[in-house]
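Protein chains in written order, with my numbering: chain A, 13 to 390; chain B, 561 to 718; chain C, 11 to 368; chain D, 3 to 153.
One or more of the hints may lead you astray.
Once the Cα atoms are required to be at most 20 Å apart in a straight line, the calculated PhoX-like pairs of lysine-lysine come out as [to be verified]: (1) LYS74/A - LYS63/D; (2) LYS105/C - LYS165/C; (3) LYS579/B - LYS204/A; (4) LYS128/D - LYS60/A; (5) LYS256/A - LYS109/A; (6) LYS564/B - LYS105/C; (7) LYS165/C - LYS370/A; (8) LYS592/B - LYS206/A.
These are calculated hints, taken from the structure and not from any lab test.
The residues making up each chain are set out below.
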Amino acid sequence: MYNQTDIIKDTTNLGPEGELVVNMGPQHPATHGVLHLVVTLNGETIKKIEPHLGYIHRSIEKMCESLTYRQFIYVTSRMDYLSSHINNTACALLVEKGMQIEVPERAKFVRTILNELTRIASHELWIGAMAMDLGAFTPFFYAFREREMITDIMEDTCGARLTMNYIVPGGLMYDIHPEFQTKVKAFIKQFKEKVTEYEDLVTGNIIFQSRTKGVGVLSAEDAISYGCSGPVARASGVSCDIRKIAPYDAYDRVEFDEIIETEGDSFSRYLVRVKEMNQSIRIIEQLIDNIPEGEFVGKTKNVLKLNKGEFYQRVETARGELGVYIVSEGATTPHRIKFRSPGFSNLSVLDHIAKGSKIGDLMATMGTLDLVIPDIDR
Amino acid sequence: MFLKDYITDVFNGVSSLLKGMRKTGYYFTHGKEIITEQYPDNRATLKLADRFKGEVVMPHDENNEHTCTGCTACELACPNGTIKIITKFDITPEGKKKKAIDAFIYRLEMCTLCNLCITACPSDAIKMSANFEHSVFDRSKLTKVLNKPGSKIKEGIE
Amino acid sequence: MLSLESITKTTQDWLLAKFNPTIALAMECAIVILLAITLFAILGLVLVLLERKVAARIQIRLGPNRVGPGGIFQTAADTLKLIMKEGLTPDTADKFLFNLAPFVVMMVAMLLLAPIAFAKNFQIWDINIGVLYISSISSLSVIGILMAGWASNNKYSLLGAMRSGAQIVSYELSAGFAVLTIVVLTGSLQISEIVAAQQNGWWLFKGHIPVVIAFVLYIIAVTAETNRAPFDLAEAESELTAGFHTEYSGMKFALFFLAEYINIFIVCAIGATLFLGGWMPLHIGHWEGFNHIMDYIPSSVWFMGKTFFLIFIIMWFRWTFPRLRVDQLLNLEWKYLLPISLFNLLLVTVIAIMGWYF
Amino acid sequence: MTNEEIKAYISSHLPEASFDETGEWLNIIIPPTSLRSIATVLLGQPMQMNFLFCLTCVDNKTHLTMVYHLTSMKNRSINIVLKANLDRQNPVIDTLSDLWRTAEFHEREVFEMFGVNFTHHPDLRKLILEDDFKGFPLRKDFEDPINMIKL
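The following block holds chain A by itself, in its conformation from the complex (with noise of 0.2 Å):
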C-alpha cells in the first residue's frame, strides 16, 4: 500500500537536469491495450524511453505445457489476436511439420485465402487506429466499414470473428462455407472502390505527411540487429518475407511482390502496410477460383504425438515473423514451446528510433510499429 506521503513524492519526479518524467499507460488512449512506457522528457523532447511489459502477461508457453497438441492451438489465437488465423496455422503447421501429416491441397489453398484476409483486416484495423493516433478519427470508421465484411465472412466460414479456432493439424475444422466464394469475391470488389478513401483522407493529406516523413527513422542494420521483421523491417529496405523466403501453405503457387520501401521512416512504414494489402487481394484473386475439390482434413491419429526432437515453424504474421519453437519428448504435451512473437523484437527498438523526436512524434513512431500488447507480452 501506498501511503500519502510516497505518492507525493513520486508526482514530483524530476531528475537531475530537470527533466520530466511521463507515464505512457498502461491505461492511456494512445497504447492500445496495456502498455506502459516510462517517458523521460526534457520540455517536449523525448530523452528516454523504457517499456514496461506484462499487463497482460498470461505465460501462454507455460499453459501450452499442459495442453495437448490438439488443445494448444486455441490459445494462440490470443496471443496476436489481430492475426489469429496466421498463429493458429503455424502451430498447425509445425504440428504437421512432426508428425508428417499430408495436408490435402483444399485445406492449403483455404488456408492462404483465410490468412491474407486475416492479414487485410489486421492492416484495416492498424490504418484506423494509427490515423486515430495522429488526431484524425474518421479514417477509423471507414477502415472497419471493409474489416467488418472480412469479420461477417470469418464469422460464417470459422463461426467467430475474432479468435477463430478454425485449424487444425491436418487441414481445417470444417469445409468452407458454400456462400464463401461468392463474399469474397464481393469483398475485393468493395475494397477496391474504397481503397482510394484511404488515399484521399490519409496517404494525401499534408498534415499527415508531415507528421509522419522523417519520423522514427529506422536503418537497415539497426533493423537487423534489433531482430525487427515484416513491414517495420520491410520498410527499411530488409527482405524479409517469411512467405518468400520459406513458403508455406500455397504460397508458393501464387504470385505477389514483396513489398519494400528504403526510407525507413513512420510513412514508409505506413506505404508498406497500404500496398501489403493490395498484393494480399492479388494473392486472394489468384486462388479464389482455383480452390481444388476435395477434402479438407488429412488423416490424422486420434492422440497426436510428436516425434522426439524440436522443430522450428516460421510464418509472416500480419505484424511480422511468428516463430514457433517446439521441444517435444515424445509424449502428448510439449516439453518446451517458445513463441518467438514479432512484435516484442519491434517493440525493443522504440526506444532507439524515437529518442530526441518530439512526443507528437512517439503517437507516429509506436503506431507504425504495429504493437499489439498480447502479442508482446504473450
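Since the structure of chain A is provided, determine the placement of chains B, C and D on it from the hints.
This is chains B, C and D only, laid out in the frame that chain A set:
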C-alpha cells in the same frame, strides 16, 4: 525560385486538405451510406451466421431424448475444464446395467468457444448454438446442466 | 411585425415609464444576465449535440439516438450526469487556482458576448472599439488554461497548458491581422458600423480576393485559438490524455467543455459579423425583387444561419484532419500564416485607399 | 555454405564444438564459456549471421539449455541453432546484447523466466513479471499456488 516553391507548397497543401474534406463532405451529405446496425431494435430481424459459436447446447428431440452416451470424449478434449460429466448406471429392462449421464455440467464462464468438444463427440450429442446474449446478474447461472431433467438416451446409440 | 428590436424597445419603454432610470437600468442588466446565461446553456446543449451528430454523419453512423427522439435530449442527460458527479480536487493541487480556472475561462467567454450584434439593433453593448475589445478579451482565455494546467500539479496538464499558451499567443497575430483587414476597409472599430457598411453586399463578396484570403486565415487562426482539431494540441488525447483538464471532473470539467463550445460560437459569430455581414440579409446588386424577399427573413435568422454555417465548417475540419505536431503548429503560423496575412493587409490597404472595392 | 563447410569452419575455431544434424537445421553445441568467441566468429565474415531471430532457454530437468537461432540476412536459407548447456543451480552465460541488440530484451525475458544470469548485460532487470516475484515460472519445478489450468 524560393517564392515559387513557397506558393506551390501552400497550393499543394491546401488542395490535399480540400480533397480530404470533399470525401468527408460526401459522407455527410449521403445518409444512406450509414452502416451501423441498431442492435436491440433489430433483434427480430437479426440474422447470425449459422455456424456462429455462441454456446454449447445439447439438442433433445420431442421424446426428451438426447444422444449423449457419457463417454467423456468432450471432457478430455476441452482445454480448460469447461465440461464435467457425471455418469450413473441405469438398469435396462433386461436387467443389465448401462452407463448413462446423470448431469452434463457446462460452465459457460470458462468456455472459450473453441469447438473442440463438438468435433470430439462421437455421437453428435452436443452442438454450438448461435445465442450470444449471455449476460446474467449472478455468475452461478453461467454453470449450466445441459441435459434436461428426466431426459434419457435415444434408443440404439452406443 | 414582431421582431427582437421591437421587443427590446417596448420592454425599455415600459421599464422607464414604471420606474426611475437607475432601477430600470439595473433591471435591464438583470434581464441581460439572465438572457446571457440562458443562451449559454442552450448553446452548450445544442452545439454539443450538433457536433456529435455532424461527427456521426461524417463517420457513417447515427450518433446519439437513444435519449429522446433522435437523441435530442442526450446532452441534457449528460449535463445531469456531470452535475451529479463528484468534483474531485487532487491533494497536491493548488486548490484556489484549480477551482478558479474553469470560472476564468467561462468569464472570458461571457465577456465576449457583449459587443455581438445578434439581430438588427439587438446588441448588449455597442462599444465604439468593439473589434479591439474582442481581440483583447479573447486572448485572456489562455490565462484560465494556464492556470488550470499549472494548478492541477499533473504533467499532462502542464504540458497541455504550455502548448496552449504558445499556440494562442502565436495565432492571436494572424487572427488580429485578418480582423484588421475589415477594419481598414470599413474605417471603424464599431461592430454596428461594420455591419452597416455591408448594407449593399458582404465584405467577402465586395472585397475581392484579399478578403477571401483574410477570411480563410481568420477561420484557421480561430480554429487554433479555440483549441479545436487539427490544432487541439492542448488536449491532444492520444498524447496527453486530456491535456489541461485531465484532473477536472464533474461540473468543473463541464464548464471547460461548455466554454470551448461557447468560444467556437463567439468566434464564428464575429467571423459572420465581419465577413458575412452579420444580421444583414443577402443582397445582390440591383435585383430589387430578390433583395426585397431576402428582407422578409428576420435578421436574427440570418445571423444564426451564418454563424452555424461557420461552426459547421470548423466541425468539418475537426473530423477530417489529423493533428499537427507542436513545432509544425508554430511553423504554420510564423512561416505561412503571418507572412501571408501581413502581405494581405498591405494589399487591402492599397485597395481601401484607392477605393477599388464595390 | 553447406552444413559440412560450416562444421569445418566452426571446428577450426572451436575444436570442442559438437554438432547435431537430426533436426531441420544444423545444431552446434558449445560450452557456455566460449559463447562469445563463437558468436563473434558467426557474426563476422564470411558467415555474417546477423539476424538473431530467436533466443530462448529450455529446462531439461538436469540442466538448462540456451538456444540461439541465427540466420544471415544475406542468405536466409542458412540457419544455425547454437546451444549451450548451463548448470541448473547457478546458470551463468555471457550476454550477446552488444552483438545483436535484440538479445537485450530476450535475455531479460530469459533472466526472469529461467533465472539465467547474463554477465555484462547492460540492464538486467525483470521485464514482464513484477519486481518482487519469487521463482522462475518456466522452469519445470515451478509450482504456481494458484494454478488455473489444473482445476
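Okay, the hints, checked on the actual structure:
1. Taken as a hint, the LYS74/A and LYS63/D pair is honoured in the structure, with Cα atoms around 15 Å apart against an allowance of 20 Å.
2. At most 20 Å may separate the alpha-carbon atoms for a hinted pair to count; LYS105/C and LYS165/C meet this at roughly 17 Å.
3. This hinted pair checks out: LYS579/B and LYS204/A have alpha carbons roughly 19 Å apart, not beyond 20 Å.
4. A C-alpha spacing of about 18 Å is found between LYS128/D and LYS60/A, which places the hinted pair at or below 20 Å, so the restraint holds.
5. Simply put, LYS256/A and LYS109/A have alpha-carbon atoms about 19 Å apart, close enough for the 20 Å limit, and the pair holds.
6. With a C-alpha separation of about 54 Å, the suggested pairing of LYS564/B with LYS105/C is violated against the 20 Å cut-off.
7. For a cut-off of 20 Å, the pair hint linking LYS165/C to LYS370/A stands: about 15 Å separates their Cα positions.
8. Between LYS592/B and LYS206/A the alpha-carbon distance is near 16 Å, which keeps this suggested pair within the 20 Å criterion.
The structure shown violates just one earlier hint, number 6.
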